[in-house]
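Undergrad: Listed below are the residues making up each chain.
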Amino acid sequence: MTTRPLLIANARLVDPHSGTDTRGAVLVKDGMIADLGPNVQSAPEGADTIDAKGKVLAPGLVDMRAFLGEPGAEHRESIATGSQAAAAGGVTTVVSMPDTNPAVDDPAIVDYLLRRARDTAVVNIHPAAAVTKGLRGEEMAEIGLLKEAGAVYFTDGTRTIANARVLLRALTYARDFDALIVHHTEDPDLAGNGVMNAGEFASRLGLSGRPIEAETVVLERDARLVRLTKGRYHAAAITNRDSLDIASRAKNDGLPFTCSTTINHLSFNEGDIGDYRTFFKVTPPLRSEDDRIALVEAVKNGLIDVIVSDHNPQDAEQKRQPFAEASDGALGIETMLAAGLRLVHSGDLSLPALLRAMSTRPAELLGLPGGKLQKGAPADLILFDPDEPFVLDPATLHSKSKNTPFDEARLQGRVLRTVVAGRTVYEYA
Amino acid sequence: MTATTRPKHFPHRHLLGIDGLSAFDLQVLLDMADEAVELNRQVQKRRDTLSGRTQINLFFENSTRTQSSFEIAGKRLGADVINMAVASSSIKKGETLLDTAATLNAMHPDLIVVRHHAAGAVHLLARKVDCSVINAGDGAHEHPTQALLDALTIRRNKGRIEGLIVAICGDVLHSRVARSNIILLQQLGARVRVIGPSTLLPRGIDRFGVEVFRDMRAGLKDADIVMMLRLQLERMNGSFVPSVREYFHFFGLDAEKLSWAKPDALVMHPGPMNRGVEIDSEVADGAQSLIREQVEMGVAVRMAVLEALAQNLPNNGGRE
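In the order they appear, the protein sequences are chains A and B.
Residues 1 to 429 (this note's numbering) make up the first sequence, in order.
Residues 1 to 320 (this note's numbering) make up the second sequence, in order.
Keep in mind that the hints were calculated from the coordinates and are not lab data.
Treat the hints with caution; some may be incorrect.
Below, computed lysine-lysine pairings styled on BS3-like, alpha-carbon distance capped at 30 Å [unchecked claim]:
#1 K158/B with K257/B
#2 K147/A with K375/A
#3 K230/A with K45/B
#4 K128/B with K45/B
#5 K158/B with K128/B
#6 K257/B with K133/A
#7 K53/A with K133/A
#8 K128/B with K147/A
#9 K133/A with K300/A
#10 K8/B with K147/A
#11 K257/B with K221/B
#12 K45/B with K75/B
#13 K221/B with K230/A
#14 K319/A with K251/A
#15 K402/A with K375/A
To list a few chain B residues with every Cβ distance to chain A over 10 Å, as calculated [to be verified]:
#16 Q186
#17 P197
#18 D206
#19 Q232
#20 N237
#21 G238
#22 S239
#23 V241
#24 E246
What follows is a set of in silico ranges between Cβ atoms, one per label pair, in the way DEER data are often shown [stated by the list, open to error]:
#25 K221/B with R249/A: 49 to 57 Å
#26 G206/A with H249/B: 26 to 34 Å
#27 D285/B with R4/A: 41 to 49 Å
For each residue, glycine too, the CB sits at the ideal point set by N, CA and C.
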């Protein structure tokens with residue numbers, strides 16, 4: 001699709017890739033960044049010009065983990081609504097999870113998703129595919145053919161591959177294809193029927209707990225398998241201090257080991273569950289405040305590579321249940337930037353550090369060209385006011401589901417415009 | 001030394017593997033096999049080299065092809081050949097391998113041909129009997145007569161083995177054929193490559209003196225010989241590789257992948273083939289295929305081995 005050239009002038013250019021924060025303009029042509037910097041002034045003939053009024057212009061966010069509902073759960077979310085929520089949240093690239101019905105374990109389903117994305121999505125959608133057939137954790141899926149079809153990485157979504165031999169083979173096999181395996185690390189037996197973090201809060205609420213060891217035991221095992229295979233591995237959600245120690249050791253040893261945490265685990269702790277609020281029921285569960293502080297610090301120093309939205313739309317029927325019976329999952333894609341900016345406003349993170357974890361690093365890990373303000377990079381851009389305060393009204397969210405833990409929360413930071421391949425796909429009215 | 005001048009001396013009591021044989025030993029066996037090929041193409045195929053000798057084929061794993069090849073080889077040399085049907089014998093009824101060895105030994109055989117599913121089982125048996133033992137395949141360890149017949153096939157078609165690039169492709173992990181071939185071909189001066197997904201390559205394969213490839217096209221480039229391995233059905237549904245179609249897509253030998261090898265490259269397979277899994281019919285039956293010829297060479301090589309070992313048997317009666 002050809003669009004007219006676009007000049008976004010008078011902006012604060014924040015590029016987490018180069019670490020720069022300067023005034024200037026960006027000129028977009030043919031979907032790419034044609035030029036940028038303080039010396040880019042005048043728009044070419046026929047170009048659209050936007051006055052950024054000094055607001056932040058940054059590379060669009062790249063969200064490595066979102067559940068988009070297709071195929072099989074279109075009543076909760078669709079690629080169309082999920083991508084609109086993404087655009088409104090400043091996310092220009094989304095990786096869709098394979099825990100669908102049917103699961104994304106066949107190249108034909110990857111192909112289907114890419115066609116649906118082409119026809120209905122306003123942002124870039126990259127499907128992740130299953131590591132094992134039917135996400136059952138038993139037999140390896142067709143990693144080679146799925147990658148050729150366009151799968152951007154491999155994960156069993158919220159399922160953990162309990163059988164170490166299966167993961168060992170998958171890491172070994174995936175390495176031949178330079179495929180990235182992303183693993184949700186929670187031992188199903190140790191997690192048992194726990195519904196929140198194990199500890200005093202769970203005990204007082206009378207809920208059964210999931211210990212952090214459910215996470216660390218699997219993560220430690222995985223680190224050893226990565227050491228053996230040298231297969232590219234990414235921990236889907238690190239949620240506590242002990243897990244950070246494991247990640248730190250693996251990284252210091254030079255293993256191809258990277259990790260994410262979720263915006264929920266950076267924003268909340270187990271105490272937020274308070275009065276059995278099911279919108280705070282996520283997997284892995286929210287941990288202690290001490291863990292949350294450690295996670296923020298790890299984002300700051302780069303030990304945690306990526307912040308994901310872990311966007312998981314659930315309908316009211318699944319959430320209006322007693323806590324133990326409610327589904328896991330929270331919306332996140334539309335609020336992740338504002339939630340992340342809380343950490344910037346509190347002085348815990350710099351803006352480039354936040355954007356690095358939400359844009360540059362995920363793009364690098366996925367081998368995508370975005371995540372930077374650079375000549376020749378795709379013009380996937382966001383313009384946002386980091387300071388504008390608002391109270392989140394769930395009715396304004398673009399998702400089909402409304403299970404946001406930020407319901408009525410005071411947030412600061414408004415996405416004003418989202419541009420994908422040079423085309424404006426969202427504009428705050 | 002040319003084939004005609006090389007003395008037919010083979011200083012070993014057993015043939016348990018290729019490992020331990022010198023280049024000279026191997027050439028002797030191949031020379032003798034060359035002669036057997038000529039004999040096998042006559043109307044009168046019988047010799048009496050093994051006349052009066054008893055050869056027992058003891059196959060703990062079913063193998064129509066190898067067993068009948070050894071049976072024909074023994075009979076053509078005049079031996080009395082007995083096939084022990086393990087499946088319907090006391091061995092299946094719980095007798096240990098060593099008891100079986102003692103029982104057989106009491107029958108005074110001269111040669112025992114053994115195939116066993118466990119690596120090292122043939123070596124164990126060889127220590128307990130007084131006759132010569134030939135390994136017809138032990139687990140994922142060695143299959144020396146297969147490697148010899150492959151070498152004979154290559155030598156007759158290419159005139160040499162030294163300097164050739166031989167690519168061994170597929171399930172190296174579980175393959176005794178691959179292990180024996182890697183040792184033999186390197187001993188005779190070939191450059192050996194192995195190609196397969198990492199899940200089907202044994203750990204430490206890079207220390208076997210071979211070049212390791214995970215991509216067929218890169219591995220086949222400039223190859224003189226393309227040696228395909230059989231992939232067992234139970235290994236291709238998600239355990240070692242995800243599926244037949246994925247395996248064939250990346251590692252199945254079809255005309256396009258074969259075109260990366262030298263134009264005069266030749267294709268081999270130890271059989272039985274899984275058409276459409278590791279090899280496409282167009283290639284298996286094509287002009288570059290040596291697969292049929294390998295079977296013919298199998299009988300000749302086994303005759304050579306039987307004959308070479310018989311020379312060293314006690315009471316040889318002054319035969320040279």
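Undergrad: State for each hint whether it applies.
TA: Checked hints:
1. K158/B with K257/B: With a Cα-Cα distance of about 21 Å, the restraint between K158/B and K257/B holds, given a limit of 30 Å.
2. K147/A with K375/A: 28 Å, holds
3. K230/A with K45/B: 56 Å, violated
4. K128/B with K45/B: With a Cα-Cα distance of about 34 Å, the restraint between K128/B and K45/B is violated, given a limit of 30 Å.
5. K158/B with K128/B: Since the Cα atoms of K158/B and K128/B sit roughly 41 Å apart, the hinted pair is violated (cutoff 30 Å).
6. K257/B with K133/A: At roughly 28 Å apart (the allowed maximum being 30 Å), K133/A and K257/B satisfy the hint.
7. K53/A with K133/A: 51 Å, violated
8. K128/B with K147/A: Not satisfied, since the Cα-Cα distance of roughly 54 Å exceeds 30 Å.
9. K133/A with K300/A: Roughly 37 Å separates the two Cα atoms, so the pair is violated.
10. K8/B with K147/A: It is violated: about 56 Å lies between the C-alpha atoms, which goes past 30 Å.
11. K257/B with K221/B: 9 Å, holds
12. K45/B with K75/B: Holds. K45/B to K75/B sits at ~10 Å (cutoff 30 Å).
13. K221/B with K230/A: 26 Å, holds
14. K319/A with K251/A: 38 Å, violated
15. K402/A with K375/A: 38 Å, violated
16. Q186: 24 Å, holds
17. P197: Given that some Cβ of chain A is not farther than 10 Å from that of P197/B, nearest at about 6 Å, it is violated.
18. D206: 13 Å, holds
19. Q232: Consistent with the label, Q232/B stays out of reach of chain A, its closest Cβ about 15 Å off (over 10 Å).
20. N237: 6 Å, violated
21. G238: 2 Å, violated
22. S239: 7 Å, violated
23. V241: 7 Å, violated
24. E246: 4 Å, violated
25. K221/B with R249/A: 49 to 57 Å: 40 Å, violated
26. G206/A with H249/B: 26 to 34 Å: 54 Å, violated
27. D285/B with R4/A: 41 to 49 Å: 60 Å, violated
Comparing the model with each numbered hint stated earlier shows that hints 3, 4, 5, 7, 8, 9, 10, 14, 15, 17, 20, 21, 22, 23, 24, 25, 26, 27 do not hold.
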